[in-house]
Amino acid sequence: MRIDSMFLKPPETADAVTVEVEGRPVVVPRGASAAAAALIAGLASTRASPVTGEPRAPYCMMGACFECLLVIDDEPSQQGCLVTVRPGMRIRRQEGAREL
Amino acid sequence: MKRDFDFVVVGGGPAGLAAAVQARSLGLSVALVDEQPAPGGQIYRAVERAEAEGRAAALGADYRDGLALVRAFRDCGAVHFASRQVWQVEPEGRVFATDGRESIVLRGSRILVAVGALERPVPIRGWTLPGVMTVGAAQVLHKSIGLLPSPGVWIAGSGPLVLHFAAEVVAAGGRLAGILDTARGGLPEAAIANAAGMLRGWRYLARGLGYLAALRQADVRRVTGVEAVEAVGEGRIARVRWRVNGAWNEAPAEGLLLHEGVIPSTHMTFALGCAHDWDDAQRCFRPRTDDFGATDVEAILVAGDCGGIGGARVAECQGRLAAIGAATALGRLPVPERERLARPAREALARHRAIRGFLDALYAPPPELLAPPDDVIVCRCESITAGRIREAVALGCRGPNQVKSFTRCGMGPCQGRLCGPTVTGTIAAELGVPPAQAGAFRVRPPLKPVRLGELAALAEPGEGA
Ligand SMILES: Cc1cc2nc3c(=O)[nH]c(=O)nc-3n(C[C@H](O)[C@H](O)[C@H](O)COP(=O)(O)OP(=O)(O)OC[C@H]3O[C@@H](n4cnc5c(N)ncnc54)[C@H](O)[C@@H]3O)c2cc1C
Ligand code: FES
Numbered sequence: 001m002r003i004d005s006m007f008l009k010p011p012e013t014a015d016a017v018t019v020e021v022e023g024r025p026v027v028v029p030r031g032a033s034a035a036a037a038a039l040i041a042g043l044a045s046t047r048a049s050p051v052t053g054e055p056r057a058p059y060c061m062m063g064a065c066f067e068c069l070l071v072i073d074d075e076p077s078q079q080g081c082l083v084t085v086r087p088g089m090r091i092r093r094q095e096g097a098r099e100l
Numbered sequence: 001m002k003r004d005f006d007f008v009v010v011g012g013g014p015a016g017l018a019a020a021v022q023a024r025s026l027g028l029s030v031a032l033v034d035e036q037p038a039p040g041g042q043i044y045r046a047v048e049r050a051e052a053e054g055r056a057a058a059l060g061a062d063y064r065d066g067l068a069l070v071r072a073f074r075d076c077g078a079v080h081f082a083s084r085q086v087w088q089v090e091p092e093g094r095v096f097a098t099d100g101r102e103s104i105v106l107r108g109s110r111i112l113v114a115v116g117a118l119e120r121p122v123p124i125r126g127w128t129l130p131g132v133m134t135v136g137a138a139q140v141l142h143k144s145i146g147l148l149p150s151p152g153v154w155i156a157g158s159g160p161l162v163l164h165f166a167a168e169v170v171a172a173g174g175r176l177a178g179i180l181d182t183a184r185g186g187l188p189e190a191a192i193a194n195a196a197g198m199l200r201g202w203r204y205l206a207r208g209l210g211y212l213a214a215l216r217q218a219d220v221r222r223v224t225g226v227e228a229v230e231a232v233g234e235g236r237i238a239r240v241r242w243r244v245n246g247a248w249n250e251a252p253a254e255g256l257l258l259h260e261g262v263i264p265s266t267h268m269t270f271a272l273g274c275a276h277d278w279d280d281a282q283r284c285f286r287p288r289t290d291d292f293g294a295t296d297v298e299a300i301l302v303a304g305d306c307g308g309i310g311g312a313r314v315a316e317c318q319g320r321l322a323a324i325g326a327a328t329a330l331g332r333l334p335v336p337e338r339e340r341l342a343r344p345a346r347e348a349l350a351r352h353r354a355i356r357g358f359l360d361a362l363y364a365p366p367p368e369l370l371a372p373p374d375d376v377i378v379c380r381c382e383s384i385t386a387g388r389i390r391e392a393v394a395l396g397c398r399g400p401n402q403v404k405s406f407t408r409c410g411m412g413p414c415q416g417r418l419c420g421p422t423v424t425g426t427i428a429a430e431l432g433v434p435p436a437q438a439g440a441f442r443v444r445p446p447l448k449p450v451r452l453g454e455l456a457a458l459a460e461p462g463e464g465a
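Taken in order, these protein sequences are the chains called A and B. Quick note on our numbering: the first sequence kicks off at 1 and runs consecutively. Quick note on our numbering: the second sequence kicks off at 1 and runs consecutively.
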């Protein structure tokens, strides 16, 4: 599910990077984190709590809360706020199952 | 590549950078490991890039000041391991760091832990809803890639960063739905008692007044005297509610940014077995150190906000002192030389610290934050409420570690980073004992989850070590 992002469209830079968020191409500034890309894409939530199934989304953006766990290039449980985007990176929500 | 160093620094903020530069100037070999792609830490995050893109000036003079330190670091000859998370430090001086795919092991005769602060968790109703983040999180997005919150986003909380960030947004041409200021009205007695600090920190206060003026000019709505805040929504925040003088108000919200000050990041020093004390003024644990940042574990030193909140200038002074202390401990700097070198850093430290007591009193977190109502989630990872913690206490649990084995609180991937302070506070309030007596979570390595494949690769001869 998508919503309008709680952030404005990022400033355009010449060296922007295109990544795939939930299968959809999204242009993000170079140096953005994978979690930032998910926020820019307007993902309503980035994962489901493995305990309650509730939707969750990045909270701290500095590596402390682990709410940004994402599936990045098919690798689950990546701390999205600490992973810098690469062109073509595939970013997906992490559903359910306790994977850590 | 070289893996053995005199001095290994963990953290590339003002404390770590200043320490690396100082240590190099004393002839030590230095490695600095940091999980950010570029040096700067929280305050100077991505400062080189912001400068290159012409955004640094709008982020404030204090921010831009960081360029000099970052450049000095780039030129000092320390080996910089960027985008590397440290997931274990051994008391004997081995440091394990991963880039997400592969780990390296560094060895240091002295290790400086300079991992900074984290924002104090703000457990309120609805804080786990998507769309609720911290002010620091939004600031990370703004500093690093120039992202601004939508005009329908609210800020709630208190502390220097709240006004600072709101002013940052306005200066960059952004807008906000409003600020819900939870600072308790007027100056608390303890803050007034610290009037000396207040006078010496006049520059700081003048800056705060400047932010307020800028916000008024930009017509940012500011509600003061806010006693409680809640986020409401189905699967995502839709509205924010707040209480003033006992009466609830509400408004639509596209997002909510929370902030109630910062606390030392003590995960690493706890895992290392360093002694910690409860700091009653800052309401947090902090590692016990001497004047040079040395802990009770011989090879381990601490500098910057992870040893107690002091801000960037204090962090820088402490970083220099730690490097000087380490050089002496390693027999590379005689004691009289150490004292001569340390004097200016000590004097600057005292000057920059002067305002701290005043700020701590002014922005003391409200008691409900440390011991929230029963229905509020404390542990986000395991969805454990304050009520469940109180039940565990009623059943005989006397500290965080017992509560953890009873409820799973603190067992998720964040390992108690985000619930620890609240668990300690809630237990202490229930038992009517000081937080120091309730204690803290025991922390066991690894500090971050590491894949088995990575561990296996480390064990192979010739790899990593
Ligand atoms: C989110 C946030 C925003 C802030 N913004 C401001 C601001 O705008 N202005 C201001 O005056 N103060 C700000 N502060 C306060 C700030 O803590 C101090 O001003 C100053 O940055 C402290 O310097 P430091 O060197 O102690 O730590 P930091 O600057 O926090 O540096 C610590 C560094 O260690 C890294 N690190 C942490 N853990 C690991 C690990 N396991 N492995 C590798 N690296 C690691 C971090 O990524 C960071 O780069 C902020 C604090 C936070 C938490
Ligand atoms: S958003 Fe908190 S760890 Fe990534």
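To be clear, the hints were calculated from the coordinates, so they are not data collected in a lab. One should not assume that every hint holds.
[As the list claims (entries may be wrong)] Pairs of lysine to any residue, SDA-like flavour, derived with a Cα cap of 25 Å:
no.	chain 1	residue 1	chain 2	residue 2
1	B	2	B	105
2	A	9	B	2
3	A	9	A	24
4	A	9	B	105
5	A	9	B	51
6	B	2	B	60
7	A	9	B	60
[To be verified] Covered stretches of chain B (chain A as the covering partner; in silico rule of three or more C-beta atoms under 8 Å from a C-beta of chain A):
no.	region
8	273-279
9	309-317
As the structure is a computational prediction, the values presented were derived from the model and not from experiment. All residues carry an ideal CB built from backbone N, CA and C; glycine is no exception.
Assess, step by step, whether the Cα of residue 9 (chain A) is no farther than 25 Å from the Cα of residue 51 (chain B), and give holds or violated.
21 Å, holds
The region 309-317 of chain B covered by chain A? Criterion: 3 or more residues, Cβ-Cβ distance below 8 Å.
Per the Cβ count (0), the hint is violated.
Is the straight-line distance between the alpha-carbon of residue 9 (chain A) and that of residue 60 (chain B) 25 Å or less?
Holds, at roughly 22 Å.
For the pair supplied as a hint, residue 9 (chain A) and residue 24 (chain A), is the alpha-carbon distance within the 25 Å limit?
16 Å, holds
Can you confirm whether the C-alpha distance between residue 2 (chain B) and residue 60 (chain B) stays at or below 25 Å?
38 Å, violated
Sort out whether residue 105 (chain B) lies within 25 Å of residue 9 (chain A), counting only the CA atoms.
40 Å, violated
Proposed proximity, residue 105 (chain B) with residue 2 (chain B) (alpha carbon, max 25 Å):
10 Å, holds
Are three or more residues of the region 273-279 of chain B within 8 Å, CB to CB, of chain A?
violated (count 0)
25 Å limit on alpha-carbon distance, applied to hinted pair residue 9 (chain A) and residue 2 (chain B):
43 Å, violated
Consistency note: the structure conflicts with the earlier hints numbered 2, 4, 6, 8, 9.
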